[in-house]
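Taken in sequence, the protein lines are chains A and B.
For the first sequence, the residue numbers in the working numbering are 32 to 467.
For the second sequence, the residue numbers in the working numbering are 212 to 523.
Everything labelled a hint here was simulated from the structure, so no lab data went into it.
One or more of the hints may lead you astray.
[To be verified] Restricting the straight-line Cα-Cα distance to at most 25 Å, the calculated cross-link-like pairs of lysine to aspartate or glutamate (DMTMM-like) are: (1) A:277 to B:413; (2) A:440 to B:302; (3) B:220 to A:356; (4) A:440 to B:306; (5) B:410 to A:313; (6) A:70 to A:401.
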Amino acid sequence: MSNGLHRRQAKNLVIRNAHVVDPFHKIDDTLELYIKNGKAQKWGKKLEVPADADVFDAKGLYLFPGFIDLQVHFRDPGFENKETIESGVIAAISGGFAACVTMPNTKPTCDNAQVVKYQFDRGALSDFNIFPAGALTQAIAGQKISEMSEMKHAGAVAVTDGSNWLQDSGVARRAYEYAATYDLVVMSQAEDLRLSAAGVMNESVVSTRLGLRGRPGAAEDIATARDLELARLTGCKLHLTNVTTKRAVEYIREAKQEGIRVTAQATPHHMFLTENDFVTYDTNFKMSPPLRSIEDQRAVLEGLKDGTIDVIGSDHSPHAAEEKELDVEVAPDGVVGLESYFGVIMTALYHGLKMPLANIVQKMSLKPSEIIGKPKLGRLGEGELANFVIADLNYEWVFEPKHIHSKSKNSCFFGRKLKGKVIHNFVNGYHYDFAK
Amino acid sequence: MTHSQWNRKDLIGLRDLKREEIELILDTAASFSEVSQRSVKKVPALRGKTVVNLFLEPSTRTRMSFEIAEKRLSADTIGMTGSASSMTKGESLRDTAQNIEALKVDLIVMRHPSSGAAYRLSQYTSKAVVNAGDGINEHPTQALIDIYTIREMKKDVKGLKIVYLGDILHSRVARSNIWGLTKLGANVVVCGPKTLIPKDIEELGVKVEFDPLKAVQEADAVTLLRIQLERQNESLFPSLREYADTYGMNEKMFQRAKPDAILMHPGPVNRGVEIESSLADSPRSVILKQVTNGIAVRMAVLYLLSGAPTHE
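Given these sequences and hints, build the entire structure.
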C-alpha cells in the first residue's frame, strides 16, 4: 500500500510503561505487552523480554483499543473524487481507527450484497476492517425495504438510510421489523426533513441574524421520538446517530430507562462547536444535522457523561473543495472528521470536562464494537492481531490541512488548538508510526 | 465621522456598520443628490474606475439604479446577468471572484440568491464588493435609501415608530432596515402572520405585532413588503385573497398612523395585494422618492468604497 504512511509489519516488541485503558477488562493501569508476529501475545505487569523482541518504552503514553467509527462516508463506489476506500482507510488509520462502518449513499447505492462485498473486500485489501452499512430501503428512496438478509451474509453490520431519514412511518415500521429479523442494527439519523426543508443552519436568533434559513431542533426531536416508539413497537436494535438536541437526549434517556433497545451517538463537532461558529458563512460549518445552540451542546455533553450517549462517531463526510466553495445554500452538508477525532475528543472531554478516561475510551471502541457485534475489536485480547493505539494525551497541536490524508479537506477544526494525539496505531498486526 | 475615516473595503450589510458609518453614507448621499438636478448629470469622482454589476438573480430596478449611479460618477460599467443556478453548476464564488479580478475591475456590485454570498465573495477578492441583495439576508443600499428618505421627510429617525408589514421572513430589505434603524434609535415594529416572521426576531431589538391595525397605530412610517406570489404554494398563507384582506394596506388602515406618516415600498409593488392602488399614488406615498434617492445613496456608497484602501 503506497499511502505515505510509515507502516511495517509489527516487529516483535515488548511495550513497556504504557498506561493501558481497556474498559472491557476494566484495566486502567500500567501494563506491559509482548507483540509477536503481529499478535498481542501476552499482557502482564512485568514481562520478560524474549531474545527476538525489541523494547519500546512508552513512558508517559497511553494505550487504548483501536477506535471504531460507526459512521463514515468513503464515497466508494461512485464519488471517488471525494474519497475512496483506500484514501478513507489512510485517514482512518492516521486518526487511530481499527475499523469503520461505511454509509451506503454511494453510487450505485449500497443496497445489495454486491456493493457490500466490494466495500468489505476493498477494506481487506488495505489490511483494514471495513464493515459496510447497507441501505435500509432500496436506493435510499424510502419506499421498499432492501435485501437485508443477503447484505448481512455479504458482511453488512447495520442498515441505514443515512441522512435521508425514513419519513414514512409505515415503511419504517416494516423496515425496522425486517432488520430485527436478522438482528441487524438500524442506524437512524433522526431528522424530519420536511420540517427542516431548505434550512442551512440551526433555527434560532443566530439564523435570523445571519439571514439564513433555519432547521429547527424540533425536526430532530420529533424524528427521535418516532424512532424510539418504533423501536418499542418492533423490538429492533436502534442506534441513533448524530444526536444534537436537548430534547433528543432527554427522549433517549427516558427510553433507556424504559428498557427500549436503543444506543446513541454524537459527533466531535457537535460537542465542540455551536451555531455561533457559523458566523462567517463558512461552508465547512455546514453539516447535517446543523451545529446547535449552546444549550443543546451542554445537553449532548451531559448525555455523554451519564451514558445516555454511548458512542462518539466522526460522521466523516468528505466533499470536494469546489463543492464547498459554492455559496452556503448550495454547498453540500458535511465535514471530514477522522483525523481530528481523537484530538477534539480529548480536548473537549478529557482536558475540558475531566471525564474519566475509561468512560471516554469505551465510547470510541468498546461500545461501537458491541453495537455491530464485533467483540474481538474494541477490547484488548491475547493471541489476537494487534489492534490498539498509543497516544500522547498532552501533545498540543494546531489542526491544519496538512494533517489530513483524506482526499477532501472540509474540516471545521482548522486553526483549533487540540491537546492529545495518536502517535502509533497498530491495525491488524501492522504498525503505523506517526512520530516518524 | 468624515470621509477620510472611512476604511471599509466592502458594503456587505448594515449589521456590520457602526452608527457613524451609516450617517456618513447618508450625509455623503445628501451632497450627491444635487448632481441629479443638474442639466449635465455627471461628476468625475470614479473616472477611470471600472464597476462590474453582477446580477445573478432577476432585477431591473436595483440594477438600473446602480448603473445610473455609476454613470453619474463617470465610472466605466459592465453588466452581467445570469442565473446563479447556471453558475453553481460550473463556477464557485472563488472562481467568480478570481475571474473578475483578472479583468482588473475596481468595484463589484453583486446580487445573489444565496445569503452570505456577498460576504464570501468579499473574502475571495481584494476588490470592493457592494452587496446588492444576498438571499434573504441583506440589501444594505435599499435600507440606506429607506433611512435616507425617512430622514429627508422627518429630519431625524430617532424615536420614530417605523413599521414593516408583510413577509419579514424572506425580506432582506426588512433585515437591513432593522439593523440600520435600531442603530439610529428608531422603534421598529414588524407585522405579519407568524409564518412570515423570523424566529426570535425580537432579540434584534424590534417589536413583533400580529395585528396590522395595532402595528400601524401612531406610526411615523410604514413600509409594505412585496409578497412573492409563489409563496402561496409553501403554505405560508392560505391565499392572496386572505393575505390582501388582512395585511393589505388601505386608506382606512393607514388613517391609524400619524397624520403626517409616510408610506414606503421597496418595489416592485403588487397593487391590490399589499397596497390599495389609490394609496400607492397618494401624496402620503414616498415610493417614487425612494427610487430617486436610490441614485444619490448608491453614488455615495460607490464613492466611499472606491476611495477606501484595498485590502490584499
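(request) Take the C-alpha atoms of residue 410 of chain B and residue 313 of chain A, compute the straight-line distance between them, and say whether it is at most 25 Å. (result) 22 Å, holds
(message) Holds or violated: residue 220 of chain B and residue 356 of chain A, Cα atoms, limit 25 Å.
(response) Roughly 22 Å between the alpha carbons, so the hint for residue 220 of chain B and residue 356 of chain A holds.
(message) Next pair to validate is residue 440 of chain A with residue 306 of chain B; report whether the Cα-Cα distance is within 25 Å.
(response) Between residue 440 of chain A and residue 306 of chain B the Cα gap is close to 18 Å, so the pair holds against 25 Å.
(request) Verify the proposed pairing of residue 440 of chain A with residue 302 of chain B, using a straight-line Cα cut of 25 Å. (result) Roughly 19 Å between the alpha carbons, so the hint for residue 440 of chain A and residue 302 of chain B holds.
(message) Need the status of pair residue 277 of chain A, residue 413 of chain B: alpha-carbon distance at most 25 Å?
(response) Holds, because 23 Å separates the two Cα atoms, which is no more than 25 Å.
(message) Can you confirm whether the C-alpha distance between residue 70 of chain A and residue 401 of chain A stays at or below 25 Å?
(response) Holds: residue 70 of chain A and residue 401 of chain A sit about 22 Å apart, inside 25 Å.
Every hint from the earlier list agrees with this structure, and none is contradicted.
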